[in-house]
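In order, the protein sequences belong to chains R and D.
First residue of the first sequence: 1, per the working numbering; consecutive thereafter.
First residue of the second sequence: 1, per the working numbering; consecutive thereafter.
Keep in mind the hints are simulated off the structure, nothing from the lab.
Hints may be right or wrong, so weigh each one.
Unchecked claim - One side only, chain R facing chain D, incomplete, derived with CB under 7 Å:
hint, residue
1, C88
2, S97
3, G137
Computed from a prediction, not measured in an experiment: that's the story for all the values here.
Yeah, the Cβ is synthetic: ideal placement off N, Cα and C, and Gly gets one too.
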Amino acid sequence: MSLLEMNHIRKSFGSLEVIKDISLKVDEGEILSIIGPSGSGKSTMLRCATMLEKIDAGEIRYMDERIAWADPDGTKHYPKGAELKKVCSYFGLVFQSFNLFPHFSVMKNITDAPIHNQKRNKEEVCEEARKLLAKMGLSDKADAYPCQLSGGQQQRVAIARALALNPKILFFDEPTSALDPELTGEVLKVIKSLADLHIAMVIVTHEMNFAREISDHVMFMDKGVVVVEGSAEEVFTTDNARMKAFFGKLQH
Amino acid sequence: MSFTVMLQQLAEGMLRSMGIFFLTLLFSLPLGLFVAFGRMSKNKILQGIVRVYISIMRGTPLMLQLLAVYFGPYYLAGAKLGKNWRFTAIILAFVVNYAAYFAEIYRSGIASMPPGQYEAARLLGYSKSGTFMRIILPQVIKRILPSVTNEVMTLIKDTSLSFSLAYAEMFTIAKQIAAKETSFVPFIAAAAFYYVFNAIVGFIMNRIERSMNYYT
Ligand SMILES: Nc1ncnc2c1ncn2[C@@H]1O[C@H](COP(=O)(O)OP(=O)(O)OP(=O)(O)O)[C@@H](O)[C@H]1O
Ligand SMILES: [Mg+2]
Numbered sequence: 001m002s003l004l005e006m007n008h009i010r011k012s013f014g015s016l017e018v019i020k021d022i023s024l025k026v027d028e029g030e031i032l033s034i035i036g037p038s039g040s041g042k043s044t045m046l047r048c049a050t051m052l053e054k055i056d057a058g059e060i061r062y063m064d065e066r067i068a069w070a071d072p073d074g075t076k077h078y079p080k081g082a083e084l085k086k087v088c089s090y091f092g093l094v095f096q097s098f099n100l101f102p103h104f105s106v107m108k109n110i111t112d113a114p115i116h117n118q119k120r121n122k123e124e125v126c127e128e129a130r131k132l133l134a135k136m137g138l139s140d141k142a143d144a145y146p147c148q149l150s151g152g153q154q155q156r157v158a159i160a161r162a163l164a165l166n167p168k169i170l171f172f173d174e175p176t177s178a179l180d181p182e183l184t185g186e187v188l189k190v191i192k193s194l195a196d197l198h199i200a201m202v203i204v205t206h207e208m209n210f211a212r213e214i215s216d217h218v219m220f221m222d223k224g225v226v227v228v229e230g231s232a233e234e235v236f237t238t239d240n241a242r243m244k245a246f247f248g249k250l251q252h
Numbered sequence: 001m002s003f004t005v006m007l008q009q010l011a012e013g014m015l016r017s018m019g020i021f022f023l024t025l026l027f028s029l030p031l032g033l034f035v036a037f038g039r040m041s042k043n044k045i046l047q048g049i050v051r052v053y054i055s056i057m058r059g060t061p062l063m064l065q066l067l068a069v070y071f072g073p074y075y076l077a078g079a080k081l082g083k084n085w086r087f088t089a090i091i092l093a094f095v096v097n098y099a100a101y102f103a104e105i106y107r108s109g110i111a112s113m114p115p116g117q118y119e120a121a122r123l124l125g126y127s128k129s130g131t132f133m134r135i136i137l138p139q140v141i142k143r144i145l146p147s148v149t150n151e152v153m154t155l156i157k158d159t160s161l162s163f164s165l166a167y168a169e170m171f172t173i174a175k176q177i178a179a180k181e182t183s184f185v186p187f188i189a190a191a192a193f194y195y196v197f198n199a200i201v202g203f204i205m206n207r208i209e210r211s212m213n214y215y216t
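Next comes chain R alone, as it looks inside the complex (with noise of 0.2 Å):
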């Protein structure tokens, strides 16, 4: 059974359009790596993914039910409400720039979700909390506000906050790109770490030594469409020519 499927994808900002027929399949437990250069769309991907962004064609199904699609004539269809909320259960989603909430402390922004949105016991969902720190190398940041960290400690919280949800699938828009050299290790170790957990993901990156040592499947986009598809060493020993370029630009 397919976690994730996303059939002929569009997606257009004003007349300017973005993505142009992507389709993308990611199967429990399975690592994907979306590269390619700046404005390639690799964001609005994920965004449509998370329905941060609505598709202006094509159909996005989760656990192989069609949970958004859009007609032909333009009209789109979303879930609402509870069934929204049972979509929304399935994935989580790392900003590039964290997005903590500023007010609350690490264990607070780890812990608010599930006991307030998922109604969960606050003893068991705190329990989980501190081991998930614990993973993150973070159990003395627990009463810590997120200005208090640095940034790969901040992500680590971010990568924390998504996971209390137990997802099924996580979304990683350049996860280290916002970091310093120094701190982007740290956050690629603990993503790797993850690969155990047996949960899927989905992992925007220009880390492409990460990505090519982590993937099941990797897919380089360039102006809004698939340039080159297949497994890691597939990809990065690719004969294309835009592909070259791309790591030739890189390499610099």
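On the provided structure of chain R, position chain D with the ligands as indicated by the hints.
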């Protein structure tokens, strides 16, 4: 008139000034939030009405608004309102005026919140009201507190405008005594009262601001 009698009368006036002050805040602070929602509404008609209301409140003298609320019912509808109308009219005028100012402060505070906070909240399953009450509003309060403090301190001094309806708050009384005794002392005493009240309110607001300094 002895100095103590004068102070006593002024103190009574001060209590009435404080009454106006607290009642105005009690009603205008929450009302301002609803006005801000109206101002930010997607409904163009509601938004337009609120916009006009705010611009009139901010664009005309409060003293004129006091007179309009007090005499309006009589001149417009011939209504004869009872003895308590004077005080009610004062509170009404102050609340409606200050709600407009607070609404603009709330609005700018809400607009200054980064969209990422809303997006993160949405992804974490917060409802619209949950997002506002738990995530947005607490941060907005911290951001707007200095501007609110300014308005609150202005309000203390603005209560003296009630003299235009001859309501016996402190400034009205100070004027009466000063005229009767041909003395300037009541004004100095009144100034001292206002000053001390302002200082106390300033101190309290400062404490509240500092209590929110645990995050940036
Ligand atoms: N809300 C929006 N309104 C208008 N244009 C937008 C919006 N969001 C994105 N775009 C445009 O869509 C295009 C793709 O943007 P997107 O953020 O998806 O690229 P990206 O691949 O994530 O790039 P980067 O690597 O720089 O993050 C860009 O040209 C961008 O300017
Ligand atoms: Mg991006």
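Here's how the hints hold up against the structure:
Restraint check, C88 (chain R) versus chain D: the minimum CB separation of about 5 Å is within 7 Å; hint holds. Satisfaction of the interface hint for S97 (chain R) is found here, the shortest Cβ-Cβ separation to chain D being roughly 6 Å, below the 7 Å cut-off. Given hint, G137 (chain R) at the interface with chain D, is violated; its Cβ is 22 Å from that chain's nearest Cβ, farther than 7 Å.
In summary, the structure is inconsistent with hint 3 from the numbered list given earlier, while agreeing with all the others.
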